[in-house]
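The primary structure of each chain is shown beneath.
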Amino acid sequence: MTKLLHYEFRKSRSALLALLVCTAVGEVMLLLGTALLPQGIFLLRGEPDLGGMPAFLLLVGSGFLSLCGTFGVMLCSLMPVWALRRELNSDQGLMLFLVPENSFAVLGAKVLQNVLILAGSVLAYGLLALLDVSLLAVRGIGPDALSEVIQFDPAGSSTWGGFLPSLGMVALSWLTILMICLFSIVLQASFFRGKRGAFWISLLIDLFLILLILRADSLSSGGTGIFSALINCGAVVLLYLASGWMMERHVSL
Amino acid sequence: MTLQTKEAEKNYGRTKALQGVTFDIEPGNIYALLGPNGSGKTTWMKMAAALVRPSAGGVLWEGEPVCAKTRSDIAYLPTEDFFYSWMTVEEVGKYFADFFADFSMDRYRALCGQMELPEKQKVRTLSTGMRAKCRAAAAMSRAAKVYLLDEPFNGIDLLARDQIMNSILETSSPDNAVVISSHLVEEIESAVNRAIFFRDGRVAADLDIEELRAREGKSLADKYRELMQGKEV
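Chains B and H, in that order, give the protein sequences. Adding 34 to a residue's 1-based position in the first sequence gives its number in this note's numbering. Adding 16 to a residue's 1-based position in the second sequence gives its number in this note's numbering.
Just so you know, these hints were derived from the structure itself, not from any lab. All of these numbers come straight from a predicted model, not from anything done at the bench. Even for Gly, the Cβ is constructed at its ideal location relative to N, Cα and C. Keep in mind that a hint or two might mislead.
Stretches of chain H that chain B covers, calculated by requiring three or more beta carbons in the stretch to come under 8 Å of a beta carbon on chain B [claimed, not checked]:
1. 65 to 78
2. 88 to 98
3. 111 to 117
Sequences are here, hints too, so could you generate the full structure?
And the structure:
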């Protein structure tokens, strides 16, 4: 499994490197913007004048980081899905299916890569956001503002401690959707292989599963609680087992 | 340690790729797997490598149906270019070394050297023939119990064919079996000692080549023409 995981990351290396470079560029711009900001600017009365360059750097930098933290991570976490589609529908699949690892391990490595990318991103971008907001607050207000940053209310949660689980829940929901995509790809390569309309049937099954999970989710209070997390975790496990079974028993290369 | 095929069948929709195929692969032999295009040779090899699931019957290794685990003992060389595009010749070796305990990096390097494969070059930039050599070098660097070589000489020049054939002969031992599928019947005749003929997804004959020569006075190519065209040679 470790070796499979290593090669899964190797396959996504270019995309992950691109994400890292874009994040670094955004972060450097944001830090420069923060550094160029007049000290204590937010303490002045009225609309603060951030100045042309700092405002530009802060705006572009934060925009860049927001895009990296959302669409960039989403694209990177889609890499194992694309890789599986390519592998089940081209000769490259032999690379993966010639090795003495069963389908559950092959699929498990892809799911684990997704989990690691999502968990790593939540942690990394969460910490980066905390760091950036802290620096901005210290620069624009003063060291005393740090305690307020800790009490910051970024998404209607009471504290950062409430924000991070919310972010984790978004990541878990995204993982469920990715698992549905993996399930759909395996379904197309197994039972619907070579059948007319396989893509559309799989898409309908996908939509049905998403609606089913959303419906179950809506039964929980607001869709952000433990119940919601359990539903998503259960869906991920069930879809993993079903996909692994189909790959093991019904996929021929 | 016998690779047994018992009443193996494979259907692709209405097409019957294999029908009631039964034969054994015993250690100490080099087999030629012969038959026209579409006769079921590749389907059987993929089935034995646990890449194709049988519709009925199946292939057994040490009495158990082949599965992902049996790929540790059974080396399969496909005809397709299957290496990841980002891999260099050296990385192909590392990949095999990572997954197969019986893979020898030293032997792989030696074979690459013999076949003039530049280790640092990306596989995707190699010519068709060079890629075929790379595939062959990777498969023959394993110390497997059964080697399934599907058209190993496809697109390869004469000298490289000799090199691959030499590596096959060097690898062959009383403890392992080699199965070579090829259209170059005359070329492999001197290397193999048994031949299995496929026609229309069935086994048309399973012969000892010495016996064929002694009893019928026929070469492998003669027997092939006889079986496939129905003409007595």
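Cross-check of the supplied hints:
A stretch counts as covered by a chain when three or more of its residues have a beta carbon under 8 Å from one of that chain; for the segment 65 to 78 of chain H and chain B the count is 4, and the coverage holds. Only residues whose C-beta sits within less than 8 Å of a C-beta in chain B count toward coverage, and the segment 88 to 98 of chain H has 6 of them, enough to reach three; the restraint holds. Evaluation of the coverage hint for the segment 111 to 117 of chain H: fulfilled, as 4 residues show C-beta separations to chain B shorter than 8 Å, against a requirement of three.
Violated hints are absent here; each numbered hint is respected by the structure.
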